[in-house]
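Protein chains in written order, with the numbering used here: chain Z, 309 to 657; chain P, 4 to 217.
Simulated from the structure, these hints should not be mistaken for laboratory data.
Every residue, glycine too, gets a C-beta built ideally from N, C-alpha and C.
Where hints are given, some of them may not hold.
[To be verified] Derived list of chain P stretches under chain Z, where covered just means 3 residues or more per stretch with a C-beta under 8 Å from a C-beta of chain Z:
id, segment
1, 25–32
2, 42–52
3, 57–63
4, 93–106
5, 151–160
Residues per chain are reported as follows:
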Amino acid sequence: MIHYWRDYQKEIAEDEFFYVRSCIRQNFFPGAENLFIDILRNKLGKKVFEDADHTTCTGIGYHSDIVPIETTMTVIARQFALMKERGYRNLVISCVTSFGLYSEILDLWKHDPALKTKIEGYLSEATGRSFDEPANMVHASDILYKFRYEIAEQAVNRLVNNETGLPLRVVDHIGCHYAKTFPERGIGGSEFPQVLTGLIKAWGGETVDYPERRHCCGFGFRQYILQSSRGYSISHSRTKLESMMPYEPDLIVANCPGCAMFLDRWQYTLEETDGSVYGPGRTKIPVVTHEELAGLVLGYDPWEIGLQTHQVPVEGLLDKIGIRYDPEKKYADRQGKLIGDTVAVTAIV
Amino acid sequence: MESVSQQIKSDPRYPEACQSCMNCGVCTAICPAAGYYSYDPRMIMNLVTEGDNAMLTEIMSEDVIWYCGQCMSCKPRCPRGNIPGVVIQILRMVSQRNGLFVRSAMGREQLAVKRSIGHNILETGYCIHPTRVNPAMHPEQGPVWAWMSDNADEVYGRFDSNYNREGPGNMRKINRKSLDELDRIFEVTGCKKLWDTIESESEKRIDGRFTKYD
């Protein structure tokens, strides 16, 4: 166990990043990862390489127990091999499940070097490739944390209520596999969750500390994947939402794509089920990812970064911050033509 | 053949996951699954540490090992640095390799997980894909997801012109060479063998050859 703030410090590389994408983030927040890359390249002047050859890390399959650890290790070793072949050493991981899994694998190899040798053999036999471990390995939210003040200097918007001048009240939800599997690899771990709080404070908001702040969103891997146990998932999101409700949060920010998706979707389902809503004034609480939060602060158009792909409407939040948006473009393509039939779009609204 | 206890202890994760449990119960106190199911990870750690093959076979034949949600909330709280969530993963793997999973209702669902997430991985290169999260099977995803899924080319194409095409980008098409390498890795590392076991044991179960304690 670790007990002190100093134990949670981690080295975050300055530049030259090899980026691996997330299955869930790409699926449910299709604007978020390109936004992250754009911020790094065009706002912070960093070099980011995205490899077309990388695949899923198998994380959802691994944690729902249909992929053995040796298989997952070899798939991840292949990602390391691609990074080596491209001449990069600093790995940035979009997905929190992946981040936990990459960390687990490096830890297992550290304790059992013969296991690493075995995986080197598997990778060579299956692909002819060889790999080096990353010199530096972080989650994408770590990068935004490191450069939070540089982003604040370029801020177009601040996390402040436009009418009252008061800081927005922000719930930070840190993915379990970022904070709990290897707490010393996450800024503050689960005891002193700082990675998102650092962003919120640097950009003008305040963090809501509520009793179930560290509770899992409820994904549960097989628990959600299978309809028969999906009640597990919604129950845990409900536990969190009920716990944060008295603090009247203006928004939720999550660094894990699954958590962001569930805290968003389950608010819809809970309202459909029994009429429950958890935000102030019988509204739902908008949920954004760390990239999207940075994008709003930096003045990106909400519909260009994909906020229309969230089930909980974000307009209330945009109004509070004072961000202008064109309602006509929300469900439109880049040429302004409505995507899908009018009936379906009307059903969303 | 190794006993189930030996199989559990020979998993490469076991030395880190189960070092010296003192049965304090902190894992159960923090466990989200224990608040939802009748589930007690402390009891599981106790049984695994004791290594009683009959008892281990029994729990690996029951729903109880499938209750964990894999959040790993147990890990930072354990005063001995154990990881009950990883011990559960080991039990689930040994249960499947020995055909015990088909004796419980939740264990039998592994066939559905294999045929959905597993096949997604080898056929698309992703654990999940916009074309494979059917809104009819996921009403909880709401009307926005239905809109995204029904108009995937236009919605995803709005954010990345490389959607479903080869090359880098959001939800790009994973190229054939990468998929072939993934397939070969699954063969060489034993995942295909596991999947064959899941299929064949499930088939036997459908034939009615097993009862709960045979």
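Evaluated hints:
1. 25–32: violated (count 0)
2. 42–52: violated (count 0)
3. 57–63: With 0 residues closer than 8 Å to chain Z, the segment 57–63 of chain P misses the three-residue bar; violated.
4. 93–106: Satisfied; 3 residues make the cut.
5. 151–160: Check passed, 7 qualifying residues.
Consistency with the previously given hints fails for numbers 1, 2, 3, ordered from lowest to highest.
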